[in-house]
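J.: Next come the chains, spelled out residue by residue.
2 protein chains.
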Amino acid sequence: MDFSSFLTSLGTSFVIFLVLMFLFTWLSRRPSNHVIYYPNRIMRGMDPYEGIRLTRNPFTWIKEAVSSTEADVIRHSGVDAAVYFVFLSTALGILVFSGILLLPVLLPIAYTAKNKIDANETTSEGTFNELDKLSMGHIAQKSDRLWAFVAATYWVSFVTYYLLWRSYRHVSNMRAEALMSPEVRNEQFAALVRDIPAPEKGQSINEQVDSYFKAIYPDTYYKAMVITNNKVVNKIYAELEGYRKKLARAEVIYAESKGTANPEGTRPTTRAGFMELIGKKVDALEYYDKKIRELVPKLESEQKIALKDKQQSAAVVFFNNRVIAAAAGQCLHDTMLDKWTVMDAPEARQLLWTNLSKNFYERLIRQYVVYFVVFLTIFFYMIPIGLISALTTLANLEKLVPFLKPVLEQTTIRTILGAYLPQIALIIFLALLPSFLLFLSKAEGIPSQSHAERAASGKYYYFSVLNIFIGVTVGHTLFDSFKAIEDNPNSVFDVLAASLPGSATFFLTFVALKFFVGYGLELSRIVPLIIFHLKKKYLCKTEDELKEAWAPGDLNYGTRFPDDMLVLTIVLCYSVIAPVILLFGVLYFGLGWLVLRNQVLKVYVPSYQTYGRMWPHMYNRVAVSLLLYQATMVGYFGAKEFIYTPVLIPLPILSLLFIYFCTIKYYRFFQSTALDVACRELKETPNMEGVFRSYVACSLSTEKTAEVIQFVDDLAHVTRPGSAV
Amino acid sequence: MDFSSFLTSLGTSFVIFLVLMFLFTWLSRRPSNHVIYYPNRIMRGMDPYEGIRLTRNPFTWIKEAVSSTEADVIRHSGVDAAVYFVFLSTALGILVFSGILLLPVLLPIAYTAKNKIDANETTSEGTFNELDKLSMGHIAQKSDRLWAFVAATYWVSFVTYYLLWRSYRHVSNMRAEALMSPEVRNEQFAALVRDIPAPEKGQSINEQVDSYFKAIYPDTYYKAMVITNNKVVNKIYAELEGYRKKLARAEVIYAESKGTANPEGTRPTTRAGFMELIGKKVDALEYYDKKIRELVPKLESEQKIALKDKQQSAAVVFFNNRVIAAAAGQCLHDTMLDKWTVMDAPEARQLLWTNLSKNFYERLIRQYVVYFVVFLTIFFYMIPIGLISALTTLANLEKLVPFLKPVLEQTTIRTILGAYLPQIALIIFLALLPSFLLFLSKAEGIPSQSHAERAASGKYYYFSVLNIFIGVTVGHTLFDSFKAIEDNPNSVFDVLAASLPGSATFFLTFVALKFFVGYGLELSRIVPLIIFHLKKKYLCKTEDELKEAWAPGDLNYGTRFPDDMLVLTIVLCYSVIAPVILLFGVLYFGLGWLVLRNQVLKVYVPSYQTYGRMWPHMYNRVAVSLLLYQATMVGYFGAKEFIYTPVLIPLPILSLLFIYFCTIKYYRFFQSTALDVACRELKETPNMEGVFRSYVACSLSTEKTAEVIQFVDDLAHVTRPGSAV
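These protein sequence lines map, in sequence, to chains A and B.
Heads up, the first sequence is in the UniProt record's numbering, so the first residue is 1 and it goes up one at a time.
Heads up, the second sequence is in the UniProt record's numbering, so the first residue is 1 and it goes up one at a time.
Next comes chain A alone, as it looks inside the complex:
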């Protein structure tokens, strides 16, 4: 890629971003699109424009984003979103502070070096001259100018230490603030108990749990909700819910048919057989009504069976005291660690019900099996993809799906498919990867959704850093020089460093594309908008269905974060070698901060709260990037035959010490609630029965069943005024 085509690519991306931004300005004004651009506000019962001055200025959203405070973010999207912004600001801060010193100092030093460089040593294989002159590659070997780069390496490290340390403290305080809140939060009065041993004969698990905890916490224990096997109940409940929705939908269709021309309306029909596709035609309203009335008693009897006979070896126990609940989650209860394991209860909405009763050793074994599978996925994922693309060659495709033959025989399609089939397989794999990793994390036996997402995010991070970064930079070089590394393990840094400059251009383009196109799409929400309008027009009938169609979902920082980390790692690693990359990094994180701030304040609705438990992972990964950067620099200076390279050795040691001290000081509070935080006063005495009920599964809740019956009865009054009562 030469300089002009790089600029073209950059320019195109920028134009796409501008177009998308104007599209956003235009589309977000139309009231019919408000549910797509302001769902967070709408769901919180606010006016979409509340507190916003309406102008035609396309940059208003930027002003709003910049002027919003952390407290706004916490109010609209909770602490977890705010923590994600702390990460973004930290990354931005690191790059800005590094750039302030590095750009004005290193660029002139590199540019004036007057060193003729070999084509194979440049960052662009000789075609990218102007940019090359601004990079460390332009400095002669053993030159004294390298001292400036040594100083820069230190500067970037110290900026990172300082900002990381400050952020850790800030997030810790934010978490403390949130946990101290005088609001009654149900999960703060609960603890999750797993590995309950088999009860004595004649005793139910519920009685056993009660007597066990009553003995330990005589004054503060309230009661327990034993986890039950809800498979059957859930199935019936889902069926019931399905019929309820269909009934509501049929009712709307019936009401709509009552036009002026046909005042009686046409009663909608359905079929009584398999999937409602075959069988005899029946009146839909009556059919669904009948089905629901049949299912309700079946559900009720199954609920009783589940509660009585399907108790499992886990429970959520409730305390009338925040301090004791927090303490319970941190204490050893039984003398054996594999019995009566107690931990902080997650929020009710994020309990992974089926994982709770998995026992201690099953969890351990599952964890290691999953780790092994992830290891295989990271290192050998190319093998199945290669196999698939080999099997789906054009010749094979023609054999397997003969009706495509005429299409496949056209030359253009043939060429495109021939070239892109492996890539398509890869893209599909990469698109499915986060879900696959989430599935694996859940298979570990993790008790809560948020924890599973954190675990999946970690796995995704390792995948991207190991594969995309190291894979692309070192590429085949590494495998070719495997023998060399085996003989002398230190040479891995040399290999890494030698292959770095060659990939700089690739990464510049990658980062630029990522931020301009990616964030443009994010801001304009073109895809959700189109889907919503299609659904609204052709599918949705009831209010509920419509609401489902525009539901904005989660910010999903779990999958965003690994991407950000990849960019940060790349930018950090190149920051001293080719300081120009800092500009791109700053743009990526600056733009990301702006766009996501807008989305968090107006669009996304968090589906759970963890009060910043993601932060230690973020911290750790930034710190690891820093280590990777320092190792790269040691290798790169070595490759420059700079004899003072050892002056960089203290840096990785310092980083390890820094990680160690931060983790020791701050980490424990992210694992469990400090008692000093839990003991703050509450606004009101908690309603313990309410706390208890919030944890009961929908399918087991008698209230929910009563609601369904009420709904059916109300409807019967309307549609068949005579038949009911």
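Simulated from the structure, these hints should not be mistaken for lab results.
Take these hints with a grain of salt, some might be off.
[Unchecked claim] Within a straight-line C-alpha distance of at most 30 angstroms, the following computed DSS-like cross-link-like pairs (lysine-lysine) qualify:
| id | chain 1 | residue 1 | chain 2 | residue 2 |
| --- | --- | --- | --- | --- |
| 1 | A | Lys683 | B | Lys339 |
| 2 | B | Lys214 | A | Lys214 |
| 3 | A | Lys665 | B | Lys310 |
| 4 | A | Lys665 | B | Lys683 |
| 5 | A | Lys223 | B | Lys683 |
| 6 | B | Lys201 | B | Lys231 |
| 7 | B | Lys201 | A | Lys214 |
| 8 | A | Lys683 | B | Lys214 |
| 9 | A | Lys231 | A | Lys133 |
| 10 | B | Lys223 | A | Lys214 |
| 11 | B | Lys704 | A | Lys665 |
| 12 | B | Lys310 | B | Lys704 |
[Claimed, not checked] Anything over 12 angstroms on all C-beta distances counts as not near chain A; from chain B, calculated:
| id | residue |
| --- | --- |
| 13 | Arg249 |
| 14 | Pro268 |
| 15 | Trp353 |
| 16 | Asp676 |
| 17 | Ser694 |
Think of the CB as a built atom: it goes at the ideal place given N, C-alpha and C, for glycine as much as any other residue.
Got chain A; can you put chain B on it based on the hints?
T.: Quick look at chain B alone, frame taken from chain A:
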């Protein structure tokens, strides 16, 4: 060493043991020696012979030891002693069960092998034929007979797994039993708080601690004892105690002097100057009386100053509830781990007062510095010893201490000193080593005596295993072949294995000496007996002084255990190679069990209780010995060119899994008290003021001061009937 001289050495040792045992039978009968042979019983207020049938049979003590139960040991010497016996029985069990199969099977197989072995391949360098025929060295390389030895290797491992697992469970139950006790144990109502942050202005640390814990535990917090800097108070108190003892002694001397010849008695005198060695003669009774009366108000005012102005950043806090006290020790209190660190309180008698106020980071840094010093000690201790012996050559000695010249000039003394000076330096070093390691452990900032002794015991273990075992077996070979190992790290096992048989004889002698002579001395208590009688005759005047002279002290399992481990490691490593060593191992642990059982029941008095906290360390070290044994076997089979050696590879993996699972399951309970254990009912409501007072330092206790005044006043009435009142 040939076979006959080996037998001679063995026989001599055995005779020494027999002599010492008969000496014990004879001496322990004499009532004047009871305080040496039955101090545990005497201190517990029992009759020395209670429950013992007096016979002249020298083996009575053996019958008593064998018939005693674990409950007896716990009653007489506490759980810690019982745990040490679990270790001894486990080691004994491993060796007995191994021997039952190995001796009858392997010895014939080896003896009938009819393989002519090279002199340099035997266990005795060719001079020790009979024993060599019974060892694995007698089997030809690649022989099929080696399969029997493979099976034996597995058998020993599985026996060890089984017994270790059972013992861990047993000790865990024993600890739970002890902690569940309905007795009120003061430390179970206390927690140790360290790293208290600086209080706000105008607030004392005591007030700050009170308000902090009152907020978290409003119903259960009792009060706090803030740690104070007692340096000055302790000095005055020690002076006061010294004068009190001297006064008591002077009083006894005075009373003794009132014979029939001199009914008025001679009042003892002393000197009023430095160390009471110079200055004018004064009446001792009056002088000490005056000194004490001067010191008491000084002490009282210093006590007030200490309590008010010398509060430090640590405290012992008290709860009126066992469960809450146990929970407090396990919970995070402040959001930062380096503030308000709370842990289980050790017993009052084992608090290392000056360590308590050391802050979090100071402790961390001290720990690493100490680890580094220990590392240096283990690997380079020969250097200073070499230097010392070089400096103290005879020539130098003559120069430095010229008055010894005539002695040193005698040829015999010259020869002996010349040969033994380096050894003497080594012996002195080894004798001082345990105290030095204890000093280092205390310097880490550890809060309790028992913890410091465990830490010192660990260091001693590494020292002995690394130096004595590996050092002697591998010896210079290791350093010579260092280059070879660097090229091929796997060869370390080969080196280890190749040098093992050559040292077998050395170790046989070592073990035999150790158990016959060591345990003979232990049982007969010759040294303490002589010291006691000397002190009684020439030094002791008062009852207190006499009691001090026969105080038996602690079992001191902290320094015994590393020695036992060394023997167990050696015996395990040779168990399959030269199964005869198992006999010696069984004798060592069997005799040890018997002798120490006697000592624990009748002699030693534990100075603290930790309820088995030493066990996980014992467990771990036995497991590590097992690993070492397995690694040795892999190497030794490799040296035999046995191509099926890889069938042994699963063993170390199995061991690692075993260690991992045991540790996960059981270890946590040894770190902190399980709440299920703490919640058991108490015999009586604890007297919280008594609990609190038990933690007040002697030098700060007003009661102790009052006692001293009372004592002086009482004495004044007796010695100067007119002067008082």
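J.: Find the hints from earlier in the document that the structure breaks and name them by number, from lowest to highest.
T.: 4, 7, 9, 11, 16
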